[in-house]
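Undergrad: For the protein sequence lines, the chains are A, B and C, in the order given. Per my numbering, residue 1 is the first one in the first sequence, and the count goes up by one each step. Per my numbering, residue 1 is the first one in the second sequence, and the count goes up by one each step. Per my numbering, residue 1 is the first one in the third sequence, and the count goes up by one each step.
I should point out that these hints are in silico values taken from the structure, not numbers from a laboratory. Hints should not be assumed to be uniformly reliable.
As the list claims (entries may be wrong) - Facing chain B, from chain A, some residues (calculated, C-beta under 8 angstroms):
#1 Leu27
#2 Val31
#3 Leu33
#4 Glu42
#5 Arg46
#6 Pro83
#7 Thr85
#8 Glu87
#9 Val91
#10 Gln94
#11 Trp291
#12 Arg295
Please read all numbers here as calculations on a predicted model, not as lab measurements. Backbone N, C-alpha and C define an ideal beta-carbon position, used for all residues, glycine too.
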Amino acid sequence: MIRSTLVLAAGCLGLHGPALAQSTVSLFGTVDLNLTFAKSGERSVRAMDQGGNVLPSRLGFRGTEDLGGGLAASFWLEAATLPDTGEFQGVGWQRRSTVSLSHNSFGELRLGRDYTPSFWNVSQFSPFGTVGVGGSSNIVEGWPFGLGGAKTLVRANNSVGYFLPRNLGGFYGQVMVAMPEGQQGMKYSGARLGYASGSLDIAASYGQTPVEGRRYRNASLGGSYDFGVVKLYANYLRQKNAPESQTHAMLGLSVPVGAGVIKASIARANRSGPGVDADDATQVALGYVHWLSKRTAVYGTWSVVRNKGNAAYVVSDALSDPQAGANSRGLQFGISHNF
Amino acid sequence: MIRSTLVLAAGCLGLHGPALAQSTVSLFGTVDLNLTFAKSGERSVRAMDQGGNVLPSRLGFRGTEDLGGGLAASFWLEAATLPDTGEFQGVGWQRRSTVSLSHNSFGELRLGRDYTPSFWNVSQFSPFGTVGVGGSSNIVEGWPFGLGGAKTLVRANNSVGYFLPRNLGGFYGQVMVAMPEGQQGMKYSGARLGYASGSLDIAASYGQTPVEGRRYRNASLGGSYDFGVVKLYANYLRQKNAPESQTHAMLGLSVPVGAGVIKASIARANRSGPGVDADDATQVALGYVHWLSKRTAVYGTWSVVRNKGNAAYVVSDALSDPQAGANSRGLQFGISHNF
Amino acid sequence: MIRSTLVLAAGCLGLHGPALAQSTVSLFGTVDLNLTFAKSGERSVRAMDQGGNVLPSRLGFRGTEDLGGGLAASFWLEAATLPDTGEFQGVGWQRRSTVSLSHNSFGELRLGRDYTPSFWNVSQFSPFGTVGVGGSSNIVEGWPFGLGGAKTLVRANNSVGYFLPRNLGGFYGQVMVAMPEGQQGMKYSGARLGYASGSLDIAASYGQTPVEGRRYRNASLGGSYDFGVVKLYANYLRQKNAPESQTHAMLGLSVPVGAGVIKASIARANRSGPGVDADDATQVALGYVHWLSKRTAVYGTWSVVRNKGNAAYVVSDALSDPQAGANSRGLQFGISHNF
Numbered sequence: 001m002i003r004s005t006l007v008l009a010a011g012c013l014g015l016h017g018p019a020l021a022q023s024t025v026s027l028f029g030t031v032d033l034n035l036t037f038a039k040s041g042e043r044s045v046r047a048m049d050q051g052g053n054v055l056p057s058r059l060g061f062r063g064t065e066d067l068g069g070g071l072a073a074s075f076w077l078e079a080a081t082l083p084d085t086g087e088f089q090g091v092g093w094q095r096r097s098t099v100s101l102s103h104n105s106f107g108e109l110r111l112g113r114d115y116t117p118s119f120w121n122v123s124q125f126s127p128f129g130t131v132g133v134g135g136s137s138n139i140v141e142g143w144p145f146g147l148g149g150a151k152t153l154v155r156a157n158n159s160v161g162y163f164l165p166r167n168l169g170g171f172y173g174q175v176m177v178a179m180p181e182g183q184q185g186m187k188y189s190g191a192r193l194g195y196a197s198g199s200l201d202i203a204a205s206y207g208q209t210p211v212e213g214r215r216y217r218n219a220s221l222g223g224s225y226d227f228g229v230v231k232l233y234a235n236y237l238r239q240k241n242a243p244e245s246q247t248h249a250m251l252g253l254s255v256p257v258g259a260g261v262i263k264a265s266i267a268r269a270n271r272s273g274p275g276v277d278a279d280d281a282t283q284v285a286l287g288y289v290h291w292l293s294k295r296t297a298v299y300g301t302w303s304v305v306r307n308k309g310n311a312a313y314v315v316s317d318a319l320s321d322p323q324a325g326a327n328s329r330g331l332q333f334g335i336s337h338n339f
Numbered sequence: 001m002i003r004s005t006l007v008l009a010a011g012c013l014g015l016h017g018p019a020l021a022q023s024t025v026s027l028f029g030t031v032d033l034n035l036t037f038a039k040s041g042e043r044s045v046r047a048m049d050q051g052g053n054v055l056p057s058r059l060g061f062r063g064t065e066d067l068g069g070g071l072a073a074s075f076w077l078e079a080a081t082l083p084d085t086g087e088f089q090g091v092g093w094q095r096r097s098t099v100s101l102s103h104n105s106f107g108e109l110r111l112g113r114d115y116t117p118s119f120w121n122v123s124q125f126s127p128f129g130t131v132g133v134g135g136s137s138n139i140v141e142g143w144p145f146g147l148g149g150a151k152t153l154v155r156a157n158n159s160v161g162y163f164l165p166r167n168l169g170g171f172y173g174q175v176m177v178a179m180p181e182g183q184q185g186m187k188y189s190g191a192r193l194g195y196a197s198g199s200l201d202i203a204a205s206y207g208q209t210p211v212e213g214r215r216y217r218n219a220s221l222g223g224s225y226d227f228g229v230v231k232l233y234a235n236y237l238r239q240k241n242a243p244e245s246q247t248h249a250m251l252g253l254s255v256p257v258g259a260g261v262i263k264a265s266i267a268r269a270n271r272s273g274p275g276v277d278a279d280d281a282t283q284v285a286l287g288y289v290h291w292l293s294k295r296t297a298v299y300g301t302w303s304v305v306r307n308k309g310n311a312a313y314v315v316s317d318a319l320s321d322p323q324a325g326a327n328s329r330g331l332q333f334g335i336s337h338n339f
Numbered sequence: 001m002i003r004s005t006l007v008l009a010a011g012c013l014g015l016h017g018p019a020l021a022q023s024t025v026s027l028f029g030t031v032d033l034n035l036t037f038a039k040s041g042e043r044s045v046r047a048m049d050q051g052g053n054v055l056p057s058r059l060g061f062r063g064t065e066d067l068g069g070g071l072a073a074s075f076w077l078e079a080a081t082l083p084d085t086g087e088f089q090g091v092g093w094q095r096r097s098t099v100s101l102s103h104n105s106f107g108e109l110r111l112g113r114d115y116t117p118s119f120w121n122v123s124q125f126s127p128f129g130t131v132g133v134g135g136s137s138n139i140v141e142g143w144p145f146g147l148g149g150a151k152t153l154v155r156a157n158n159s160v161g162y163f164l165p166r167n168l169g170g171f172y173g174q175v176m177v178a179m180p181e182g183q184q185g186m187k188y189s190g191a192r193l194g195y196a197s198g199s200l201d202i203a204a205s206y207g208q209t210p211v212e213g214r215r216y217r218n219a220s221l222g223g224s225y226d227f228g229v230v231k232l233y234a235n236y237l238r239q240k241n242a243p244e245s246q247t248h249a250m251l252g253l254s255v256p257v258g259a260g261v262i263k264a265s266i267a268r269a270n271r272s273g274p275g276v277d278a279d280d281a282t283q284v285a286l287g288y289v290h291w292l293s294k295r296t297a298v299y300g301t302w303s304v305v306r307n308k309g310n311a312a313y314v315v316s317d318a319l320s321d322p323q324a325g326a327n328s329r330g331l332q333f334g335i336s337h338n339f
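Please construct the entire structure, taking both the sequences and the accompanying hints into account.
TA: Here is the structure:
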């Protein structure tokens, strides 16, 4: 994930004293638009869609203030945008809105609306992330909310999170609890623990959310290994809200070719439960990203979802009212620009 | 149109390598508020309105990244704001939200929500633009959407645009197609071709949008010539959605006087069709803009609309529920500040 | 009120001429999140809330352009945000959206949505401001709108304001009129006059708003005196919409202790009118703010509201549907980060 943000250093301006010398506030974002040609059974659609290359379109402000002695304060406000129509997506800084205190040795305490630990494996250990026709989440049931009324597969409001410090010899991790404040499916507790060193990155996560007297749970194990000529990805996700559950297993690879990257993934979703036992799906995705700079890319992605039973997963939201049991396929060509 | 934006140059901060040396991200905007005294027949209103001097109130972010070899990537996110009440107008970055790849020799490919080619003549070749009591669009039927259900007179969602490069000896031009994605009156195709050299600027545009089985079309021809002591403007716009149509012809001038500009325009709208044949109107506008700097002006504008038949055009939106056939007049005093 | 904003000086970038040398545009804001434990009678709630330390969460852009000769143009766009859920609060730049012309000797003319003169005493002369469980406004009836349908106790749309210049030997003041534009309770006229010199700051305000044939009025007198070891605050507010009225009297103090500040306040609200004569309340608040830098603090606040009659004031909005006549108490621990 390449991010080249414009850093507005206070120090540049000679207007702040030494206390702020290390402090920065950044404007950052992504504008990613593409042409999408997608099918669900006999239905086909041609649309402009956004967010086909790892990151969806977004705009944000974030900053870190060095408080001295290894301590820092940070904020992060990030909104989702739909530049094909100009609309904001969701409620405001719905991607993330947090304030943090962090210490080099003791880790980070983070408050606000944030990604859950459950989210990261699905996103990080997939060559296509969770966006576009090739996104690994296309056949994850309930995405971005979760199975059976849980709303915490990706994000949680009113959360308190703790992140391990970065000096643990490659180990990283986080725990989070989120208060429901009276809303069903919004209470969350979860954790993630990983190890990254050299070419290897591996992590496991667990999360749970009570929904109407039942308990929604998800767990995942994933990793990536970069051989240089090829980087391999794998992730296994299971979400359960008894008597229903779904497993999602994904294998992927990316191959750098000059300024470009060839990417491929295959994923399999297996749903269990009364009346949905046969509603399984397989997704295959193939793509090429050509980086014009560290910030800007053009890309093309092809993907097919084979649905079984009454599964009606599609490669693109542009396919509204998808046909149960029908396969879906799509092609996407776009520009992704990060700032 | 004077725009002095704050350019946040990455190079200033010593945090990015040479690849970004030519890259900029800008925060820009306009806050324009005025006191409006307006009448429609016997009804009068006193209100605070926004956007009386060429540009309405807005806030945006835009940037360009030099990719080398004449190639550049750009984004533009621009929201409309109503600072008299603090409200955002519309859906988000509703004025414009685009991503582009452009090349010095090959022109620009632009995706997203953007102005249609149809819009520019009406705006560019009028001394008052399309805002305020003197705005040339006050007697354009359906503005900002279009006649008979078309929504593409000013902007289009899901658009793919191509702009000619700037080295064509004064010729400029653009074509645009926009996908409706299931929404009536939103599919658009159009083009604009112009020539600007020295004091002369002249352009023609054409656009069309299918609406419920019929075809909405608009065409315009306009230009300006700057004699130094006076600049002259003229534009002719015709929009048609058979059996209805409207023509709008405008003549204008601006005279620089020290740090100020005196502006005047006269426009005539002629509507045709069953039951609306007599609904014509004439608008006369007179104004003075005093520039306190390149970015800031105070201004006063007076305008009158003479309605015929059942025409009910008004000089200001503050006049809700206008009286059919009654004349409308208005006076506006304001401050316009660009950043 | 500590504000350390990132100032993006145009002069830094070498892109603007000398006319803009003194001009700045700033991105600024606050992210303040806390854990709130609150009770109303037997009902208790545990929630994440925002804005517990003087300033609520917000994001804004503001700028000043030096026009020469003592004249300047300014804009201010400030939005309210709720980072616990990521939502924008209200309509856009609802905290303030203004454009100004100001002169060193003649004062400032300001247009737009702005704070009323009525607001400032309640906010400025309280150690807790008007936010959090200790906020002085918790027992002000109708806050942030006003008694009996008036909506102008804190802010007004469509306002024209005049501020005295700053060179009047310590005297400061402002007058404001706001146009209703057809909305009940939105027409406002008011003024504030104060004197600040050395350790002393004292001010009085008056405001009125017609509501459905009656006249809403508020008046306040407040001040602070900084003895160094302790700063004392006092404010008296009376709002009336006959036959109903309420008085609110507050005393407060703050004591600096190293990098921290201990704060305390007691307030008494007395409501009068048919059926509400007994609905009075007392609030006591105690807090400690520990500043980690000029921009960042951690804080803890405890507060109790004793309700009489059918008064149902609470220490936190998280207590929806409060119990009439029951006491409310709360504890809040948070992080406040300004940028």
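Undergrad: Now tell me if each hint is right for this structure.
TA: Structure-based check of each hint:
{"no.": "1", "hint": "Leu27", "in the structure": "holds (6 angstroms)"}
{"no.": "2", "hint": "Val31", "in the structure": "holds (4 angstroms)"}
{"no.": "3", "hint": "Leu33", "in the structure": "holds (4 angstroms)"}
{"no.": "4", "hint": "Glu42", "in the structure": "violated (17 angstroms)"}
{"no.": "5", "hint": "Arg46", "in the structure": "holds (7 angstroms)"}
{"no.": "6", "hint": "Pro83", "in the structure": "holds (4 angstroms)"}
{"no.": "7", "hint": "Thr85", "in the structure": "holds (4 angstroms)"}
{"no.": "8", "hint": "Glu87", "in the structure": "holds (4 angstroms)"}
{"no.": "9", "hint": "Val91", "in the structure": "violated (12 angstroms)"}
{"no.": "10", "hint": "Gln94", "in the structure": "violated (12 angstroms)"}
{"no.": "11", "hint": "Trp291", "in the structure": "violated (10 angstroms)"}
{"no.": "12", "hint": "Arg295", "in the structure": "holds (6 angstroms)"}
Hint compliance for this structure: hints 4, 9, 10, 11 are not met, and every other hint is.
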